[in-house]
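Undergrad: The lines below spell out each chain.
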Amino acid sequence: MTTISLEECGELQEPASRTPDGLPLVVTKLFKGVVYRDGDERLWQRLMELSAQTRDYVAVLGLELVLDDAEGYAFLRSNPDADAGLPRLIPRRQLTFHVSLLLALLRARLAEFDQQNSETRLIMTSGQIGDMVSVFLPESSNEARILDQLASNIKKVTELGFLRKLRGQDDTYEVARILKAYVDAQWLEEFDARLADYRATLDGDGSAVGPSSGKSSKTAKAATA
Amino acid sequence: MDYFSINSLRENHAGWSLLRAQNAPLALTFFMTAFTDPNQRNLGRQDLIDVLDDVLFSLRDSLGEDRFPRTAGEYLDDWAEPDKAWLRKFYAENRDEPVYDLTAATEDVIRWVESLRGRDFVPTQSRLSSIFNLLKALVHGSETDPEARLAELQRQRDDIDVQMEQIRSGTIPVMTGPEAVDHFHQLTTQAKDLLSDFREVETNFRRLDRNLREQISMWEGGQGDLLESIFSSQQDISGSLQGRTFQGFWDYLMSPQLRSELHELLERATQIQALATQDGLNSITSMQKDWLPAVEQTQSTVRQLSAQIRRLLDDKVFLENKRIMALIRNIESGAVAVRATPPTGVFAELTGHDVPVALPFERPLYEPSRQVAIDDAVSVAEDLDVDAKALFDQFYVDQQRLEANIDAVLADAEQATLADVTDAYPLSQGLAEIVSYFQLATESTSAVIDPDTEQTLSWTLPDGSLREATVEKIIFVRPS
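So the sequences go chain by chain: A and B.
The first sequence begins at 1 in my numbering and counts up by one.
The second sequence begins at 1001 in my numbering and counts up by one.
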């Protein structure tokens, strides 16, 4: 044991010549969150130069680098091929149904926008977001509650980094293009399947289903009441 | 054009709607002030609001305050609405404030309105000669027969020989003054037209882009067929007619030899004696400088449009987008079905995009709160005659009344105890009144408090019950 650590010390004595210039900065910035080209051109340049080294480095931690030069963003995610026993470094965020739905609708909006428009920035006001979502909200006489709920969902999506409030403009948001990387076909497939399950449970009214589904149908009934 | 197409232009064309608009003079004045006169493009919202505010201010000053009721921002928003489309509003990279530019239709209207003012001089001779030059370029440039080409070049050489001979023999044909002025006007008009044409070129590119996007989104077949269809029909932007002529123009302008030649010619044009009195003579030397940013912008638009089309056509994106749209339609119908009873609790998960590293020592340590300076100046209101004491003495015992009671009792006797006084004038405020009597006694020189003897005083509460207090005896003496 002692010898190994001594050897390590010996290697560590000249890290400057072994670590490429700027790699610590690139890696730590990626640890902290998404790196955007627009955010810091110089950091982006570094990342482009060092992408191979960065990839190798984060692979050790069971992470992989996702880099989209065309869209101008890069981030880390858990390597799907990594050992299943590896503890998860990147946490998963839990989303309610309405937040998930909002993400899916924003993703659709972004796809349509790209197909119809030559601009790269999709800007939406909270009113437009509200119009987009309102069809899917329960009909309620309490509009204030619905608006509150919408506002809190928008806030949640903003926290997740998929909406960005524009400076100096109230209630105007930019839909972050990185949404495309997260809300992909696979995620939507899962969403669709889960929603189909839920509907089946709802229709079956809790008969001949497992305990967890039975519970959810009960809550559903409670919500109707 | 038939009646119907003209009518539909009248109904739908942004330029025509601008001309028909009530506030067209305002809009046009503003567009000229902000965009065409200083030859600026892509202005930020705040800058435009400032310019429009200036315009509105001077107009309201001369026409009356209520002439234009809306604010500058509202006008801007209105003019950029898709149904008006007099301005193009978009978000540029790295800027959170919207950016505006004139649309090609608006530019046309501005030019037309400007031309209505009439020109005091219309160049005609120079036009004819430029038509000739164009025609020659067209005919000779398209000639494929080598004999004919050679014959033409030979003819030009003979022509040049004749001219050289003329000059050697002393006859130098110089352009007359009017001729020079004619050509100069033609030159400046064409240079200006070229500049405003770029806006239309850009619009054409955007239209091509839109058509292409439409085709891509409607495409049912495979991606390979789509690419083949796009490239074989040259519908992609750089392959289009507009794209190729623009590229030609760009190459021409970028050729160093032509640029220096153009520059030299422009320099020399300003030296021509016959033009010395013409307005704007010196500004023509900056013609190239005006063109470059305009061309550059068009060029970058094309680059950006092509890049995005390429991205849209990227295999993964192309297939994924189709799949995603199908999935989302499914999800939407599912979500409508469960609208009344949406799933509660956690429904889905999404990975985060950071690796949270918790650093205990990054947490701030306790820090004593700092003194905060508070401005406690209270502005005093006008009502100084209101007695604030009433707030503090909610239970007010009138000491003067008590003094008067004592005096009245002492008028009949040399001295009196507190009990005598309260017999004559019963206590109405209970203990508070007694305390006040004690206060009077301690302050007065003609009263004695006897700590050894006691007196019992009584008073009646408003509800009829009787209260008693046993206190030290006070003796009031008539002051001598």
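In short, the hints are calculated from the structure, not lab data.
Predicted model only: the values in this text are computed from it and were never measured.
Where a beta carbon is used, it is the ideal one built from N, C-alpha and C, also for glycine.
Just so you know, not all the hints are guaranteed correct.
[Said to hold, decoys possible] To give an idea of the chain A side of the interface with chain B (calculated C-beta under 10 Å), a few residues:
{"no.": "1", "residue": "Lys32"}
{"no.": "2", "residue": "Val34"}
{"no.": "3", "residue": "Ala82"}
{"no.": "4", "residue": "Ser126"}
{"no.": "5", "residue": "Arg194"}
Undergrad: Each of the hints needs a verdict: does it hold here or not?
TA: Cross-check of the supplied hints:
1. Lys32: Holds - the Cβ of Lys32 (chain A) comes within 10 Å of chain B, reaching about 6 Å at its closest.
2. Val34: holds (5 Å)
3. Ala82: Given a least distance of 13 Å, the restraint on Ala82 (chain A) is violated.
4. Ser126: violated (16 Å)
5. Arg194: Holds, about 7 Å.
Hint compliance for this structure: hints 3 and 4 are broken, all remaining hints hold.
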